[in-house]
Structure formats: structure tokens, C-alpha cells
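Protein sequences appear in the order of chains A and G.
If you're matching positions, the first sequence starts at 1 in full-length UniProt numbering and goes up one per residue.
If you're matching positions, the second sequence starts at 1 in full-length UniProt numbering and goes up one per residue.
Check each hint, because a few of them may be wrong.
It does not matter which identical chain is meant; a pair holds if it fits inside one copy or across any two.
Here are the simulated DSBU-like cross-link-like pairs (lysine-lysine), alpha carbons at most 30 Å apart as the crow flies [claimed, not checked]:
1) Lys18 - Lys443
2) Lys464 - Lys303
3) Lys478 - Lys443
4) Lys371 - Lys181
5) Lys478 - Lys18
6) Lys464 - Lys18
7) Lys181 - Lys153
8) Lys315 - Lys303
9) Lys464 - Lys323
10) Lys70 - Lys98
11) Lys336 - Lys215
12) Lys188 - Lys315
13) Lys98 - Lys372
14) Lys181 - Lys318
15) Lys401 - Lys24
These are computed hints drawn from the structure, not numbers from a lab.
Number of protein chains: 2
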Amino acid sequence: MNLDTIFSAAQEAFLTYKSISADKKAEFLEKIAEILEENRSAIVLMAGRESNLPEGRINGELGRTTGQIKLFASQVRDGSWVEATIDPADPTRTPLPKADIRRMLIPIGPVVVFGASNFPLAFSTAGGDTISALAAGCPVIYKGHPAHPDTSKFVGECISQAAEKCGIPAGVFTHVEGGVKMGQDLVKHPLAKAVAFTGSFGAGKSLFNIANDRKEPIPVYAEMGSVNPVFAFQGRLSNELVPLAQSYVSSLTLGSGQFCTNPGLIFVPRHLAANFESAVSEALQTAPSSPMLHEGIADSYYKALDNLQTRPELKWVKVPDAKHLINVSPALAEIKASDWIEDDIFQAEVFGSFALMVVYENENELLEVAKKLHGQLTITLWGDNAELKNQRELISLLEEKCGRLLFTGVPTGVEVGYAMQHGGPYPSTTDARSTSVGAHAIKRFARPIAFQDMPSALLPDALKDENPLGIVRQVNGKFTIERILS
Amino acid sequence: MNLDTIFSAAQEAFLTYKSISADKKAEFLEKIAEILEENRSAIVLMAGRESNLPEGRINGELGRTTGQIKLFASQVRDGSWVEATIDPADPTRTPLPKADIRRMLIPIGPVVVFGASNFPLAFSTAGGDTISALAAGCPVIYKGHPAHPDTSKFVGECISQAAEKCGIPAGVFTHVEGGVKMGQDLVKHPLAKAVAFTGSFGAGKSLFNIANDRKEPIPVYAEMGSVNPVFAFQGRLSNELVPLAQSYVSSLTLGSGQFCTNPGLIFVPRHLAANFESAVSEALQTAPSSPMLHEGIADSYYKALDNLQTRPELKWVKVPDAKHLINVSPALAEIKASDWIEDDIFQAEVFGSFALMVVYENENELLEVAKKLHGQLTITLWGDNAELKNQRELISLLEEKCGRLLFTGVPTGVEVGYAMQHGGPYPSTTDARSTSVGAHAIKRFARPIAFQDMPSALLPDALKDENPLGIVRQVNGKFTIERILS
Chain A
1 MNLDTIFSAA QEAFLTYKSI SADKKAEFLE KIAEILEENR SAIVLMAGRE SNLPEGRING
61 ELGRTTGQIK LFASQVRDGS WVEATIDPAD PTRTPLPKAD IRRMLIPIGP VVVFGASNFP
121 LAFSTAGGDT ISALAAGCPV IYKGHPAHPD TSKFVGECIS QAAEKCGIPA GVFTHVEGGV
181 KMGQDLVKHP LAKAVAFTGS FGAGKSLFNI ANDRKEPIPV YAEMGSVNPV FAFQGRLSNE
241 LVPLAQSYVS SLTLGSGQFC TNPGLIFVPR HLAANFESAV SEALQTAPSS PMLHEGIADS
301 YYKALDNLQT RPELKWVKVP DAKHLINVSP ALAEIKASDW IEDDIFQAEV FGSFALMVVY
361 ENENELLEVA KKLHGQLTIT LWGDNAELKN QRELISLLEE KCGRLLFTGV PTGVEVGYAM
421 QHGGPYPSTT DARSTSVGAH AIKRFARPIA FQDMPSALLP DALKDENPLG IVRQVNGKFT
481 IERILS
Chain G
1 MNLDTIFSAA QEAFLTYKSI SADKKAEFLE KIAEILEENR SAIVLMAGRE SNLPEGRING
61 ELGRTTGQIK LFASQVRDGS WVEATIDPAD PTRTPLPKAD IRRMLIPIGP VVVFGASNFP
121 LAFSTAGGDT ISALAAGCPV IYKGHPAHPD TSKFVGECIS QAAEKCGIPA GVFTHVEGGV
181 KMGQDLVKHP LAKAVAFTGS FGAGKSLFNI ANDRKEPIPV YAEMGSVNPV FAFQGRLSNE
241 LVPLAQSYVS SLTLGSGQFC TNPGLIFVPR HLAANFESAV SEALQTAPSS PMLHEGIADS
301 YYKALDNLQT RPELKWVKVP DAKHLINVSP ALAEIKASDW IEDDIFQAEV FGSFALMVVY
361 ENENELLEVA KKLHGQLTIT LWGDNAELKN QRELISLLEE KCGRLLFTGV PTGVEVGYAM
421 QHGGPYPSTT DARSTSVGAH AIKRFARPIA FQDMPSALLP DALKDENPLG IVRQVNGKFT
481 IERILS
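Make the full structure from the sequences, and use the hints.
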């Protein structure tokens with residue numbers, strides 16, 4: 001099939017799919033989850049083989065994938081996500097009568113989704129981007145990630161099967177294979193209305209540029225990762241030094257460090273630096289060398305570290321073990337905050353289990369750090385309540401630099417819920433206004449429309465006087481589930 | 001003052017301004033409205049002189065401007081616009097305890113706003129873009145439009161006065177003057193976080209490109225206008241032919257046709273075309289030649305018509321009167337739908353009172369028209385209820401092409417309320433996901449952040465357990481004003 005055929009089918013499917021009921025859409029999503037569960041053992045086997053990720057992790061990731069499908073299904077059934085806003089007519093207003101205006105979010109059209117290598121299920125074929133687009137009412141043209149081709153194709157077939165069983169036109173989902181050129185052609189296609197991507201900065205930025213150079217520019221939601229700094233303050237760090245070091249190392253080495261939220265940067269006060277470093281080093285002893293997703297990623301990890309090893313500002317606490325084709329071991333280096341501030345290279349992401357420990361002399365230095373920091377998916381603050389109260393200025397600066405600010409725990413393990421924000425200022429993503437995880441992700445693939453004086457027979461259910469969907473709406477500025485009295 | 005000084009002051013002001021209470025922000029906005037009203041006669045005189053717009057219009061526009069300031073003030077006081085979303089912790093969850101996650105919209109930072117020539121007040125210095133940015137908590141660097149320099153500067157001083165009276169740092173608003181180069185430099189400045197613009201396609205698209213070429217790309221909300229097609233169906237048109245023709249001409253010629261929502265394109269059925277054309281021609285007799293905003297705009301109007309007059313597909317019903325330096329008269333030409341479909345030139349906007357009447361043979365032709373149509377701010381359908389019921393397919397296609405779909409009246413006269421959507425698919429704007437009129441405009445200048453396990457003493461009021469602001473929040477997925485029981 002050529003791309004024109006694929007996109008025409010998607011556009012055709014869109015005009016049907018956008019109009020089917022919320023219940024029907026939710027059933028379709030639930031059917032996808034059901035078919036994935038039915039094929040659990042086959043999928044886990046395939047994804048494990050292709051990604052080198054352990055069975056336990058893949059099993060968990062499949063649960064997360066179907067869990068997130070069910071969350072979107074329930075959101076679609078609930079229906080309030082369309083932000084229905086109604087300003088009823090006022091024919092008696094002077095000098096001019098007021099028209100009836102009703103606004104809601106509608107789906108944007110066919111969406112191009114790129115899967116991520118590091119989550120062969122939860123951020124891939126039936127992952128958050130695909131499902132939130134389908135939930136919004138948009139068909140998806142999905143480009144499988146070449147690192148897990150069989151898993152991708154198989155999961156794609158599960159989605160197509162679900163569409164068939166639910167009587168949804170086949171064009172609602174198309175699985176496409178190919179390399180860089182294919183990805184570019186997908187983004188360039190005139191019928192594409194948005195792009196969702198998770199992966200490297202280079203690839204994401206290049207798709208962003210292509211999308212903006214189109215005759216009709218379209219939104220690109222590229223999640224490109226970050227170094228997810230952790231700021232440790234002395235009160236809490238001195239009280240919990242060993243457990244914090246251990247939890248830091250667990251997060252750093254999880255999945256061979258191949259997480260967008262991997263905490264690659266940690267700020268510690270001078271007088272605790274040596275102790276913390278020892279505790280981290282000790283925890284790292286038990287972190288074995290482990291395989292990466294593919295050889296290219298392992299190679300990039302070693303190259304990035306080779307490059308950093310030429311820098312005199314760094315003191316190496318643990319250099320990586322001898323190079324291996326696919327296995328990597330964690331590494332740890334130390335730098336002074338005053339040196340870190342001087343060169344952006346020290347905040348470049350090294351994909352893998354590399355930690356840069358930045359030693360600060362005093363908390364004023366952290367204000368300079370915060371001003372200099374690039375946009376991040378997450379920032380974590382480890383402080384006790386008393387010392388955090390003195391950090392309001394720092395917290396205010398850090399808010400400007402991230403999508404999620406944590407005060408306990410570690411940034412890995414992104415909760416799928418209503419309140420999650422997974423996305424942050426550039427360069428962590430190309431669009432800080434949206435999230436790629438959690439219920440709010442559905443709004444990426446929608447846009448508002450206002451209907452003025454639309455005959456009631458034509459109004460979408462979400463906007464009808466009687467509120468047949470029972471959704472929360474804003475009527476004359478007030479949130480309510482009441483019907484409109486006319 | 002150089003731009004670095006201006007932006008540093010704005011950034012500095014931002015860190016204070018974003019944290020002051022909603023009430024304080026609302027008072028500041030209301031103070032702006034109050035000072036503008038106090039200076040009504042001076043402003044009306046100045047704006048009338050600089051824009052050539054009649055006093056009645058300018059008086060009305062000032063009322064609209066202060067009315068919209070009050071709407072945003074009341075929205076800020078209400079506070080629910082931040083979309084507070086709370087997933088409380090669940091320490092008992094297995095296998096892993098659930099963290100406490102709270103999400104809300106926060107202001108994006110300093111915003112660059114460009115005023116429009118055609119609304120010297122409502123879309124200019126204290127217009128929708130400036131006020132919605134200030135309402136969201138963002139400082140504004142405003143570039144005055146050179147077509148009304150005195151008005152712009154004077155209104156800018158009113159805003160600065162209001163800031164001073166309310167104890168808001170002066171950097172919250174800066175009025176800047178200059179040409180194209182200045183505009184580009186503003187968009188290029190590293191501290192700028194978003195751009196709002198109303199004007200021509202050429203200027204808007206060029207700012208969009210500059211913003212995307214920055215080291216850190218930023219959102220551009222450019223409202224670039226459209227031809228706002230009207231589709232007339234035979235049942236309603238035959239019943240109301242003369243009043244519809246008259247209301248069409250009023251809308252077309254309002255303000256010398258210098259409205260973004262000016263209905264420059266109208267589709268009429270073949271067998272009523274001659275009658276409708278006569279009625280329009282007759283109404284046009286009473287539409288006098290009138291001055292445009294400035295000579296450049298008058299010149300562009302005549303040039304565009306000269307260009308169209310070379311096209312054999314057009315039959316001219318009314319050619320413009322002899323050229324004048326600044327006054328223009330309306331013009332009307334007719335074209336067959338089958339010819340219109342063949343060339344995009346026939347849907348290019350002619351800024352001014354030019355109407356292109358497209359004659360269709362049958363309603364199937366309109367489906368082709370809808371597929372071919374560029375993105376529009378508005379589309380209007382004139383049909384009686386019975387005939388609109390048969391147009392579901394057409395309506396579905398037209399939804400994809402506009403931000404507002406009207407079923408009575410004319411598109412000019414954009415209501416300022418909660419439900420208004422003023423914005424549409426490209427090329428009518430560069431971002432169909434937002435509006436430049438109405439309460440939802442505040443969200444342009446905000447982005448989400450999630451706080452995970454934030455100590456309650458640090459939580460913003462919008463996210464505190466006790467809901468001290470009394471706002472509507474989504475807790476565990478349900479909308480409520482209740483406090484969180486912990």
C-alpha cells in the first residue's frame with residue numbers, strides 16, 4: 001500500500017469514526033486491551049526477545065499498557081473531557097440580542113505515531129500516543145520501531161482485529177514499517193494532522209522541523225527525554241543517606257538506565273559529597289552489567305562516556321567496564337557546581353546508567369544552576385520540610401524548567417492517572433503544553449470548535465440542552481451537570 | 001532601553017507576578033479597565049483620528065475592550081481555569097504504593113504581543129492577547145501597531161499606571177515601538193516564551209518561522225484571517241432572499257470590510273443566483289465608499305482586485321469605483337463552483353469589502369468545495385431546519401475546516417464570552433488548538449505541571465487539600481469542589 005492509499009483510508013475512516021458514540025469508541029479500546037491480554041504469553045516472549053528486557057519487566061509493561069487503555073476507555077465513556085462550554089442565547093439583550101454559542105473539543109484528524117524503542121509496549125504500537133489518539137476520535141498511522149519489528153506488527157494486528165470485531169473501519173489504524181525516510185514521508189503527508197513521537201532529541205527535532213516546513217504546519221508532540229536532575233539538601237540527605245543512595249542507584253540502573261525519566265544528574269552539598277559518593281559506589285557494586293535494547297544504543301553510551309572522559313573538570317568515581325557489544329555497566333563522575341554551570345555539555349543526556357554528581361558549596365549556587373538548567377521532564381527535590389520552606393525561590397525557578405516536580409522517591413515509574421504530567425519545556429519535548437502519559441493526553445489530538453445558533457437536532461450530544469451524556473459542562477461560566485432550561 | 005533590559009525586567013517581574021494572589025491579579029486587570037474608562041474621550045478621539053474609524057465604532061470597541069478585561073478578571077477570581085487535577089496518594093496499593101500527584105496550569109513566562117491595525121483597541125494594546133496573558137500570570141512585551149502609534153502608547157501608559165497603582169512590578173508590561181526588524185528581534189529574544197499576533201498571513205507566517213528556528217522554539221498564536229464562506233441553501237434563501245442579501249452586505253461592508261471574519265465568499269444555488277445577486281447589488285448601492293485604516297491597505301485592496309480582474313472565470317457584477325488614495329468601494333464578482341474548485345487563488349483573502357459569489361449547480365458540488373476549502377475562522381450555513389438535516393455530510397466536512405460554524409446571522413461581531421472560539425485550522429491561524437477571543441484564551445499562556453508528594457505547606461492554593469479557593473477540581477477523575485479528606 002502506498003501512503004496516499006493509507007492516508008485516504010484513514011481520512012475516510014475518520015469521518016465515520018469521529019461520529020460514532022462514546023460507548024462504541026470505549027468498547028473498541030476495551031477490545032484492544034482484551035485481545036492483548038489473550039495474547040499475553042506470545043507478546044511477552046516476543047517483546048523480551050526483541051528488546052533484551054527481562055520477562056518480569058515486560059509482563060509489568062503489558063499490564064501498564066492495558067491499564068492505560070482502560071483508563072482512556074473510561075474517560076471516553078465519561079465524556080467530560082470535551083470541555084463543553086455553553087453560552088445560551090439572550091434574545092432580550094440590548095443593544096444587540098445575544099446568539100447561542102456552544103463550544104467543545106473535536107478530534108483533529110489522522111495522527112502519525114512513532115513508537116519508542118525503550119518501551120516496546122507501553123510507548124509503542126498500543127501505547128499511550130496511539131490509544132489517546134484513538135480515544136479522542138483520531139485514526140492512527142503507526143510507524144513500528146525497527147528495534148522490535150515482530151512485537152510491533154503483532155500488536156498492530158491485535159488493534160486491527162479489535163477494529164474488525166467492533167465494526168470500526170479498518171482505516172482507523174494502520175501499521176507501517178520503514179526507516180528514517182518513511183518516517184519523514186509520513187510527517188509530510190498532507191492528510192496528517194498531528195505527530196506523536198518518543199525518542200532521541202535528534203530524531204524528534206528533525207520531525208518537528210519537517211512538520212513546520214509543510215505547506216500546512218501541524219503540531220508535533222515529541223518527547224525527547226532529559227537528565228532529570230535530583231537536588232539533595234543536607235538535612236534530609238544526612239538523615240537518610242544510605243537509603244537515598246540506594247534508591248537513587250535503583251532508579252539510575254533500572255532497565256539499564258533506558259528511561260526518559262532516568263535521573264542522570266544529582267546535586268549534593270559539599271560536606272556530604274564524599275559519604276554520599278561512597279554509598280552510591282557501594283550500591284553500584286551490586287548493579288550488574290546488563291544488556292541494552294540494541295547494539296547501537298550500547299555504542300552511543302560508550303561514545304558519550306569516552307567523550308566526557310576527555311574533560312578535565314570531571315573526577316571519575318566509577319568508569320564503565322571494558323566495552324561490550326551490547327552489555328553496559330553503570331558509571332559515575334563528579335564535578336563542581338561552578339564547573340557544571342560553565343558548559344552545557346554537562347547537561348546533555350547520556351542514555352544509560354551514567355550519573356553525574358554535581359557538588360555544590362552553598363545553596364545560592366543552586367539558584368544559578370536553576371537559571372542555567374535546560375527544560376526537563378522531571379526535577380526531584382530531596383529535603384525535609386523545614387529546609388524546603390527556605391527553598392521557595394529555588395522551587396519557583398525549577399517550576400519553570402520541568403513538567404513534574406517530585407519531593408519523595410525517584411522520577412522513574414511514571415504513574416498513569418488523571419493528574420500525571422509527562423512532558424516539559426524544550427528540549428525535553430517540543431510542546432510543553434501537553435502530556436504523553438495520563439488522561440489529559442487525549443487533548444493533544446483535539447481542537448475546539450464553536451457552534452453558533454446550531455439547530456438542536458444537529459447539536460452533538462455533548463452540547464444538547466438536556467445533557468444526555470450527563471457530562472460536566474461550563475454553562476454561562478459555571479461548571480454544572482444540569483440541563484439547559486430554554 | 002534595549003531588549004535585554006526589557007526582557008530581564010519582564011522575567012524578574014514574572015517571578016513575582018506569577019505568585020501574587022488571584023484577587024490581586026484581578027484588581028490589576030480591573031484597574032486597567034477603570035483607567036481606560038476614565039480616559040474614554042481622549043482615547044476615542046485619538047483612535048478615531050489614527051484609524052479613520054467612525055466615533056460610534058470606536059466607542060463601542062472601547063466598551064468591548066473593557067468588557068473583555070472584566071471577563072478575564074472574573075475568570076481569574078473564579079480560579080477554576082487552572083484545571084486542577086488531583087490523584088491522592090494510596091499508601092496501601094500493591095504491589096507499589098501510589099504517590100500523591102497534583103496537576104495544574106501555570107503561566108508560561110514573558111509573552112510578546114503584536115497589535116492589529118483593524119482593532120486599535122480590542123485587538124491592540126489592552127486587547128484580548130495582552131489581557132489574557134496578564135490574566136494567566138504572564139508579563140507582556142507589546143509592540144504597538146504603527147498604524148495607531150499615539151493610541152497604542154497612550155493605552156500602554158494606562159496599563160503601566162494600573163500596575164503602579166496596584167503595586168505590580170513595572171516589568172509586567174512594556175510598550176515597544178518599531179518596524180519589522182523590531183518585531184523579529186522580539187520573537188528571537190531567548191526570554192520570550194510565546195507570541196500572539198493578529199494580522200496578515202505573510203507577517204504571521206514569518207513570525208511563526210522565526211519562532212520555530214529559535215534555539216528554543218516557542219508557540220506562536222498568529223490569527224491571520226480568512227474568507228469566512230457562507231453557504232446558502234435554496235429553501236431558506238428563497239424565503240428570506242432580500243433580508244439575507246441585506247444582512248450579507250452589512251457584514252461585508254462593516255468597517256470597510258476590515259474584519260478577520262468578513263464574509264468574502266458566498267455559495268448560492270444556480271436558480272436563485274440572479275435574484276440574490278440583484279438584491280445584493282441593490283443593497284450595495286447604499287454602501288458608500290469609505291476610508292480604510294491606512295493607504296497601504298487601500299492600495300493592497302485595489303491591487304488584489306486588479307489581479308482578479310485578469311481572470312476570465314470571473315463575471316464582475318460590481319467593479320470598484322475609480323481608485324482613491326484611502327477610500328474604497330465594495331466590489332462583487334461571480335464564479336461557477338466548478339471553476340472555483342480549480343484554483344486556490346479564488347479563496348485568497350482580499351482584505352476589504354470584496355465578495356466572491358460562487359454559483360453551484362447542485363449540493364453534491366458543495367462536498368467537493370468543502371474538501372478543497374482552506375482552514376477558516378468561521379463558516380456560515382443558511383438553511384432551514386429541514387434542508388440542514390440533509391446536509392450532515394457537508395456539515396461534518398466543514399467542521400474540519402473552521403473554528404466556528406454559524407447557522408444564523410453573519411460572522412462579523414464576535415461575541416466575547418466563555419464559549420467563543422476565534423481561531424481555526426491553518427492558514428486562518430498557526431494554532432487551531434486555541435482561541436484569541438473569549439475566556440478559553442487564558443490557556444494559551446499556560447502549561448501544565450504536576451507536583452508529586454509536595455509538602456502541603458508548599459502546595460499552591462489551587463491544589464491544597466482544603467480547596468481554599470473553592471474551585472472546581474478533578475479528584476480521582478471526578479469533578480468536585482469538595483475538599484480532599486486525608
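The hints, checked one at a time:
1. Lys18 - Lys443: both (14 Å within a copy, 25 Å between copies)
2. Lys464 - Lys303: Neither: 60 Å inside a chain and 46 Å across chains, both beyond 30 Å.
3. Lys478 - Lys443: both (21 Å within a copy, 17 Å between copies)
4. Lys371 - Lys181: Result: close only across copies, 28 Å inter versus 38 Å intra.
5. Lys478 - Lys18: Both: 28 Å inside a chain and 25 Å across chains, each within 30 Å.
6. Lys464 - Lys18: Within one copy only: 17 Å inside, 37 Å across.
7. Lys181 - Lys153: within (19 Å within a copy, 51 Å between copies)
8. Lys315 - Lys303: within (18 Å within a copy, 69 Å between copies)
9. Lys464 - Lys323: This pair counts as neither: shortest intra-copy Cα distance 65 Å, inter-copy 50 Å.
10. Lys70 - Lys98: Between copies, since 18 Å is at most 30 Å while 42 Å is not.
11. Lys336 - Lys215: Result: close only across copies, 27 Å inter versus 48 Å intra.
12. Lys188 - Lys315: Neither: 46 Å inside a chain and 38 Å across chains, both beyond 30 Å.
13. Lys98 - Lys372: Neither, since 50 Å and 32 Å both go past 30 Å.
14. Lys181 - Lys318: For lysine 181 and lysine 318, the Cα distance exceeds 30 Å both inside one copy (39 Å) and across copies (52 Å).
15. Lys401 - Lys24: Result: close only across copies, 25 Å inter versus 40 Å intra.
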